[in-house]
Each structure stands twice: as structure tokens, then as C-alpha cells.
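Here's the letter readout for the chains.
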Amino acid sequence: MAFEQIDKTLVTHDLVQDLKWDAELRAQFEADQVSVLDRYPLKPEERTAIDTGDFRKLYDMGLHPYLGGQLARLMYGNAAGPDATRAVNRLIASLTGEERPDDRTTA
Amino acid sequence: MAFEQIDKTLVTHDLVQDLKWDAELRAQFEADQVSVLDRYPLKPEERTAIDTGDFRKLYDMGLHPYLGGQLARLMYGNAAGPDATRAVNRLIASLTGEERPDDRTTA
Amino acid sequence: MGDIVLSVAASHAPGLAGLYSGAPEDTKAEVDKMYGTMGAEIVAADLDVLILVGNDHLANSRVLEYPDFLVGMAAEHMGPYEWFKPWLNCRDYTLQGRPEVAEALISGMARRGVLFVGRRENLRYDDNLSIPTVLCDFDANDVPVVPILMNCNVPPVPDQRQCYAVGEALGDVIRNDLPNGMRVGLFGSGGLSHEPGGKRYFFIDQDFDHWFMDMLEAGDHHKLLNEATPERMEESGAGGTAELFAWFVVLGAIGNRPCSRLGYTAYDNFKCGVGAVRWEMGS
Amino acid sequence: MGDIVLSVAASHAPGLAGLYSGAPEDTKAEVDKMYGTMGAEIVAADLDVLILVGNDHLANSRVLEYPDFLVGMAAEHMGPYEWFKPWLNCRDYTLQGRPEVAEALISGMARRGVLFVGRRENLRYDDNLSIPTVLCDFDANDVPVVPILMNCNVPPVPDQRQCYAVGEALGDVIRNDLPNGMRVGLFGSGGLSHEPGGKRYFFIDQDFDHWFMDMLEAGDHHKLLNEATPERMEESGAGGTAELFAWFVVLGAIGNRPCSRLGYTAYDNFKCGVGAVRWEMGS
Ligand SMILES: [Fe+3]
Ligand SMILES: [Fe+3]
Numbered sequence: 001m002a003f004e005q006i007d008k009t010l011v012t013h014d015l016v017q018d019l020k021w022d023a024e025l026r027a028q029f030e031a032d033q034v035s036v037l038d039r040y041p042l043k044p045e046e047r048t049a050i051d052t053g054d055f056r057k058l059y060d061m062g063l064h065p066y067l068g069g070q071l072a073r074l075m076y077g078n079a080a081g082p083d084a085t086r087a088v089n090r091l092i093a094s095l096t097g098e099e100r101p102d103d104r105t106t107a
Numbered sequence: 001m002a003f004e005q006i007d008k009t010l011v012t013h014d015l016v017q018d019l020k021w022d023a024e025l026r027a028q029f030e031a032d033q034v035s036v037l038d039r040y041p042l043k044p045e046e047r048t049a050i051d052t053g054d055f056r057k058l059y060d061m062g063l064h065p066y067l068g069g070q071l072a073r074l075m076y077g078n079a080a081g082p083d084a085t086r087a088v089n090r091l092i093a094s095l096t097g098e099e100r101p102d103d104r105t106t107a
Numbered sequence: 001m002g003d004i005v006l007s008v009a010a011s012h013a014p015g016l017a018g019l020y021s022g023a024p025e026d027t028k029a030e031v032d033k034m035y036g037t038m039g040a041e042i043v044a045a046d047l048d049v050l051i052l053v054g055n056d057h058l059a060n061s062r063v064l065e066y067p068d069f070l071v072g073m074a075a076e077h078m079g080p081y082e083w084f085k086p087w088l089n090c091r092d093y094t095l096q097g098r099p100e101v102a103e104a105l106i107s108g109m110a111r112r113g114v115l116f117v118g119r120r121e122n123l124r125y126d127d128n129l130s131i132p133t134v135l136c137d138f139d140a141n142d143v144p145v146v147p148i149l150m151n152c153n154v155p156p157v158p159d160q161r162q163c164y165a166v167g168e169a170l171g172d173v174i175r176n177d178l179p180n181g182m183r184v185g186l187f188g189s190g191g192l193s194h195e196p197g198g199k200r201y202f203f204i205d206q207d208f209d210h211w212f213m214d215m216l217e218a219g220d221h222h223k224l225l226n227e228a229t230p231e232r233m234e235e236s237g238a239g240g241t242a243e244l245f246a247w248f249v250v251l252g253a254i255g256n257r258p259c260s261r262l263g264y265t266a267y268d269n270f271k272c273g274v275g276a277v278r279w280e281m282g283s
Numbered sequence: 001m002g003d004i005v006l007s008v009a010a011s012h013a014p015g016l017a018g019l020y021s022g023a024p025e026d027t028k029a030e031v032d033k034m035y036g037t038m039g040a041e042i043v044a045a046d047l048d049v050l051i052l053v054g055n056d057h058l059a060n061s062r063v064l065e066y067p068d069f070l071v072g073m074a075a076e077h078m079g080p081y082e083w084f085k086p087w088l089n090c091r092d093y094t095l096q097g098r099p100e101v102a103e104a105l106i107s108g109m110a111r112r113g114v115l116f117v118g119r120r121e122n123l124r125y126d127d128n129l130s131i132p133t134v135l136c137d138f139d140a141n142d143v144p145v146v147p148i149l150m151n152c153n154v155p156p157v158p159d160q161r162q163c164y165a166v167g168e169a170l171g172d173v174i175r176n177d178l179p180n181g182m183r184v185g186l187f188g189s190g191g192l193s194h195e196p197g198g199k200r201y202f203f204i205d206q207d208f209d210h211w212f213m214d215m216l217e218a219g220d221h222h223k224l225l226n227e228a229t230p231e232r233m234e235e236s237g238a239g240g241t242a243e244l245f246a247w248f249v250v251l252g253a254i255g256n257r258p259c260s261r262l263g264y265t266a267y268d269n270f271k272c273g274v275g276a277v278r279w280e281m282g283s
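Chains as they are written, first to last, in the numbering used here: chain A, 1 to 107; chain B, 1 to 107; chain C, 1 to 283; chain D, 1 to 283.
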């Protein structure tokens with residue numbers, strides 16, 4: 001991932017930041033992801049990539065990796081320990097295309 | 001007025017910008033200036049200068065002249081023509097210490 | 001491979017709308033000539049986008065969080081902003097935006113090391129966009145616009161050299177990142193000498209204004225970059241004259257091109273030297 | 001005439017709080033040593049203000065409106081921000097701010113041509129401020145803090161030379177604009193190698209980390225400025241390692257001073273090389 005590939009104008013960035021900054025929106029996202037995503041003018045392939053947890057596609061479209069990591073935690077778990085480790089592993093699995101156990105902590 | 005003298009942290013800047021951006025606040029300011037000013041953590045001499053229309057003092061404290069011009073229009077009239085000309089003349093009179101008729105348009 | 005097919009720069013004093021009817025006939029005629037010429041040439045140029053660079057005037061960001069360059073990314077630009085209406089006394093307008101061009105500018109400038117902040121919402125427009133719009137009839141002629149509002153008077157102000165360098169990067173983005181054949185116009189909005197909100201609010205420095213436009217016509221950018229400093233601008237009108245840094249962005253983008261003035265007038269009630277120039281962009 | 005009486009820099013990996021209890025004993029001991037030493041020295045230095053420079057991590061501004069440097073002007077800094085709490089798993093804290101120092105920095109940097117954006121509200125703090133706070137006990141010891149949150153990974157990123165130059169200006173402001181005798185500490189927060197959110201999320205480049213701290217100890221700023229480029233940082237962890245640019249701000253502010261490392265550990269679950277250094281500031 002070259003940082004040059006970041007597309008600053010990608011709408012997913014606003015989604016992730018709104019979710020971090022607005023506890024109510026976050027609760028809605030956890031209860032009904034679809035209804036929250038419907039409010040954002042995402043490109044069709046951007047929306048599909050979020051729906052399917054396809055981080056590789058999102059990164060190819062220019063998602064900022066730091067916000068990608070946070071999106072994974074918003075989707076898969078944000079608490080320190082096994083919870084966030086699972087989120088990290090699912091993110092890496094999507095980016096590399098490799099199977100990866102949820103508790104793996106080495107490269 | 002050297003632009004170097006601007007104090008970016010002066011609270012009056014926020015007051016002027018809020019008044020421009022919020023029609024309701026502006027209506028309150030027109031009806032009851034004191035009640036609006038009370039909401040801002042202005043320094044005592046900054047508050048007195050606004051209360052007395054002492055722009056020279058405000059500029060010495062670091063008020064941005066562009067916002068000073070707009071504060072004069074908020075206080076004395078914002079419409080093109082005689083209205084704004086009066087505001088400009090009162091501002092200049094305060095800055096220079098010269099008497100100045102409300103309709104003067106030359107240096 | 002976008003092409004810069006048109007470049008102009010002009011004053012945007014609010015009085016050009018709000019105080020026009022009370023101005024002397026010769027002033028009105030000079031204003032009509034300058035802005036009429038620009039309007040006709042802009043329409044004739046059949047632009048895909050007009051990039052307008054001008055002073056933000058503290059309209060869109062707080063003093064403590066004031067960016068150097070703010071790009072209007074909206075699909076439509078509407079103005080004037082409500083509070084400026086009585087002061088401008090001009091018609092309301094809606095212009096087509098070009099969000100995809102705004103995005104390309106933001107991304108392209110970032111790759112070239114220059115921060116262009118962007119906002120998707122309609123920005124607050126005062127005279128910076130409104131005066132060119134209503135005097136050159138952008139609205140009636142469906143001229144698509146991307147506005148770049150800049151910092152001309154909140155310290156630290158990007159100076160003439162920095163703005164010229166930003167313009168060089170902008171020109172590079174236009175030529176290399178925008179779609180092939182896209183017809184781009186540039187409009188530097190602001191100046192000439194004036195001191196809004198200052199002791200010398202009604203002061204117009206005609207000598208400076210002619211000196212500056214003479215230098216543009218002479219085409220000596222080296223001398224211009226050496227002499228048109230913030231200090232020199234401040235002498236001729238603190239916090240206002242430095243709006244001419246918007247013209248340096250245009251200069252940097254186009255490099256050295258033949259330049260001619262389209263007119264000039266100094267009417268005290270406008271509180272601003274009013275002039276316009278056009279650069280020849282070749283065919 | 002403020003005096004910089006203390007300068008340190010250290011990693012702020014969130015796992016230092018949230019994953020500490022599960023770390024190996026030797027890792028814990030190394031962490032305790034580094035942050036314990038810094039904490040004790042900061043308390044002993046009897047600071048009037050600790051200026052902490054660290055990555056904002058996209059916590060306080062949108063990607064499209066992301067400033068290079070954001071100063072926390074609040075009278076109190078409270079953290080961690082709610083969403084970061086489970087991930088950090090550290091105690092809540094309230095630190096004294098120094099609004100008048102924050103204001104002096106903003107104004108002083110503006111006069112020196114550098115834009116420091118400021119915000120009066122409490123900022124959202126994640127590991128950048130929280131980890132130093134809870135590991136060095138700023139809260140328990142009433143250490144007054146002015147945080148400067150910076151852009152380390154949103155294009156265009158200020159590079160090592162730009163950050164060093166910003167640090168030079170900052171040092172000048174501290175020495176010339178702050179009150180006589182004010183005791184100032186500097187804390188560079190961030191790094192070492194890591195790649196948050198990337199394919200190599202668990203990667204730690206120990207060779208790079210030692211190379212970088214060796215260079216600091218060798219004190220060759222010229223070589224450091226030539227070699228610690230954004231590209232070199234990206235090789236060792238895209239978007240994370242460049243947090244070390246915060247250390248360059250400290251370097252620029254203090255110039256060449258003897259430097260020694262306080263420790264280092266590379267525990268995979270921290271997802272970050274963790275090290276700390278201290279510069280000798282003389283008496
Ligand atoms: Fe203007
Ligand atoms: Fe970090």
C-alpha cells in the first residue's frame with residue numbers, strides 16, 4: 001500500500017469518521033448496517049466492498065489504511081485483546097487473500 | 001495597522017463570524033446586544049471596547065481589520081449605499097480619532 | 001491533458017454591484033467594458049470548467065482554523081451568502097460545479113506537496129465569486145465553475161512566491177491530470193489596491209495599481225516576484241491589496257504569456273482600485 | 001525567554017496499555033523502565049509546560065480538511081476519547097492545559113510563517129496523548145500540557161525537513177516569545193516502525209528502529225535529514241513509521257544535543273517497535 005494511492009475524496013472516510021464521532025450512529029450501524037450505509041453517497045463498488053468486507057478493494061479505491069483499520073474494528077470488534085486481534089486478522093486476510101486464524105499475532 | 005498585529009486568538013473574531021453565520025443570533029444582537037456579548041469569554045477591555053464602539057482599542061488588541069469592518073456593519077448598517085457608508089465612516093472615525101460625517105466617501 | 005485556453009484576472013469590489021448605480025458615467029462605462037469583455041471571451045472560450053481563485057474573506061473558516069486554499073467541491077454553487085446580500089445588492093445565482101475536477105485538483109495538488117482543503121457543501125460566497133458571476137454573466141451562460149478560496153490576510157499568509165509555486169503545481173495538475181482535451185479557464189479574482197476595514201478604507205493607490213499592471217504587461221515575472229512583496233502590498237492597502245496573490249496563482253499556472261489590461265477605474269466609493277487583465281493563451 | 005529543560009521522545013502504541021498485561025515479562029520490564037524513567041525525569045524537571053507533539057491519527061479533522069498541526073488550546077485536556085477507550089483500556093485522565101502558551105505558540109509560529117491551527121475545545125485524544133499520560137503519570141503529577149497533534153499520514157505529509165524546520169521555528173518561539181524563565185519540556189510522541197491498518201499490520205522492522213535510534217545517538221542531523229525520508233519510513237511500515245516526523249519537530253527545536261536511548265522492545269502483539277530516547281539539555 002503506497003500512501004500515494006490514498007484518495008482523499010473517498011466517501012468511506014466520512015463514514016468511518018462519523019462512526020467514531022457519533023455513538024448513536026455507531027449503535028445504528030451495529031443494529032442495522034444497511035440503513036446507515038444507505039445514507040452515504042458511496043460509489044456502487046465502494047458500497048459492495050463494504051457490504052462484503054472486501055478491504056483489498058477499498059484500499060485499491062483509495063481508502064486510507066488507518067481508517068481501514070478502524071473500519072475493521074467497527075465491523076469486527078474494537079476492544080483490546082482477542083476482539084481487536086480478530087478484527088486485525090480479518091483485515092489482513094482480506095488484504096493479502098490468505099486464510100488467517102482470528103488469534104494470530106505474528107507476520 | 002500592520003497585519004502582523006492581528007491576534008488570531010481574540011474572541012471577538014468568533015463573535016463576528018457567528019453573527020455573520022447565524023441569522024438568529026444576529027437578530028438577538030440587534031434586539032439586545034448585551035445578552036449576546038455576555039455569552040462570549042471576552043476580556044474586560046475587549047468587552048468595553050465593543051460596548052463603546054472603540055475600534056481603535058479593538059485593533060490595538062489584535063482584531064482583524066476585515067472582521068472589524070464587518071463588526072462595524074453589524075453595528076451600524078450592512079446595506080450597500082448610505083447605510084454601509086455610515087458604518088465605514090464611524091469605523092474610520094474611531095480608528096483615526098477624527099470627526100467624520102456619516103456620508104463622506106473620500107480620504 | 002487539460003488545456004488552459006483562457007486566463008483573466010480582475011477586481012471584485014462589492015460596490016461594483018451594490019454601488020454601481022450611483023457611480024459616474026465614465027466609471028460605469030469602464031466597468032461595463034472590462035467585465036463585458038471578459039464575459040464575452042469566457043463564453044466564446046466554450047469552457048469545460050472555469051477555475052476561479054480568490055480571497056475567502058474569512059467567510060468559510062474560523063481565524064484559528066483558516067486554511068490556505070479551500071476548494072468548492074459542490075455540484076452547484078449558490079450565492080451570494082445570505083449575510084452578504086444587502087451589502088452586495090446583486091441577483092441570486094446558481095452555478096454548475098464540477099465535483100470531479102475539484103477532486104482531481106485536491107488529489108493532484110496533494111501528490112505535488114500542496115494542501116488544497118476541500119468541502120463538499122456549498123461554500124459561503126461574497127464578492128469573490130458573486131461579482132465576477134453577475135458582471136460576466138456566468139449564471140446566464142451556464143459557465144461551470146470550480147472556486148478556490150484562499151487566504152490573503154490571515155497570518156501566516158502565503159506570499160507572492162508561494163502563490164506562484166502553488167500556481168505552477170496547479171498548472172501541472174491541469175495539464176497532466178485532467179482529462180484529455182478539457183478546456184480550462186482561469187480567473188484570478190481580487191485586488192487591486194484597497195484597505196477594507198482599515199483607517200484608509202477609502203484609499204485607492206492608483207500609482208501602485210498602474211505599476212502592478214504595467215509589470216504584468218511587461219511580463220517580467222522575476223521582477224514581479226522580487227518587488228510585489230507582502231510589504232509592498234500592505235503599503236498600498238493593508239489586508240486588501242494582497243488579494244493580488246490570487247493573480248500570482250494564475251501567473252504560476254500559465255507561465256510567461258503576453259498580458260494586456262482590459263481597463264481600470266478608481267472611484268472612491270468603490271473603496272478599491274478596479275482593473276482587469278487578460279493573458280494571451282495562444283491557440 | 002523560555003528554557004527547554006527536558007526533551008524526550010517515545011512510542012505510543014495503544015497495546016502498551018490495552019495489551020500490557022498479556023505481554024512477556026521482559027517486555028513489561030523494558031516498558032516500565034523506559035516510561036518510568038521519562039515519567040520521573042519529567043516530574044523532576046518541574047515543568048511549567050510540557051509540549052507534546054504527536055500524530056493526530058485522523059481523530060480531530062476530516063481527511064478533506066486535515067491541517068498539518070493542530071494545537072489543543074483547552075484549559076483542561078480530558079481523555080481518552082470515548083471510542084478509543086475499549087481499544088486502549090487505560091484509565092480516564094484530566095490534564096491541566098496552558099491556553100496562554102497555546103496562544104503564544106499559534107501567534108509566534110504565524111509570525112514565523114508556519115500555520116499552527118488551534119482549537120479551544122477539548123480535542124479527541126487516542127494513544128498519542130493517552131499512552132504517555134498513563135505510563136508517565138502526567139495526571140497524577142499535575143504536569144501541565146499543550147498538545148500539538150500533527151499530520152503524519154494524509155497526503156501531502158510534511159516531511160522530515162519540513163518538520164525539522166517547523167521545530168526550529170518552534171524552538172525560536174519558546175526561547176523568544178514565552179515568559180522569562182518558563183520551564184518547557186518537549187515530548188515527541190509516536191513511532192517506531194509499524195503499519196497500522198496495512199497488510200503488514202504485525203510487522204516490526206527492528207533493524208530500522210535500531211538504525212534510527214543509532215543515528216539519533218550519533219547526532220548527525222545532516223545524515224538523518226538526508227536518509228530518514230518518507231520513502232524510507234514507508235518501507236519500514238507504511239503510514240505508521242512516519243510518526244517519527246514528530247521527533248524531527250523536537251530535533252529542530254533543540255538542535256544537536258547528546259541523545260541516548262532509554263530502551264527498546266519489539267513484541268509482535270504491540271504491532272509497533274517500542275522505544276524511547278532522551279536528549280541532554282544541559283543545565
Ligand atoms: Fe476582496
Ligand atoms: Fe500512532
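Any given hint could turn out to be false.
In silico DSS-like links for lysine-lysine, alpha-carbon gap of 25 Å or less [what the hints assert, rightly or not]:
1) Lys-43/B with Lys-57/B
2) Lys-57/A with Lys-199/D
3) Lys-28/C with Lys-57/B
4) Lys-57/A with Lys-43/A
5) Lys-28/D with Lys-85/D
6) Lys-199/C with Lys-43/B
7) Lys-28/C with Lys-85/C
8) Lys-43/A with Lys-28/D
Honestly, the hints are just simulated from the structure, not real lab data.
A quick look at each hint next to the structure:
no., hint, in the structure
1, Lys-43/B with Lys-57/B, "12 Å, holds"
2, Lys-57/A with Lys-199/D, "13 Å, holds"
3, Lys-28/C with Lys-57/B, "38 Å, violated"
4, Lys-57/A with Lys-43/A, "12 Å, holds"
5, Lys-28/D with Lys-85/D, "21 Å, holds"
6, Lys-199/C with Lys-43/B, "24 Å, holds"
7, Lys-28/C with Lys-85/C, "21 Å, holds"
8, Lys-43/A with Lys-28/D, "46 Å, violated"
Violated hints, in rising order: 3, 8; the structure is consistent with all others.
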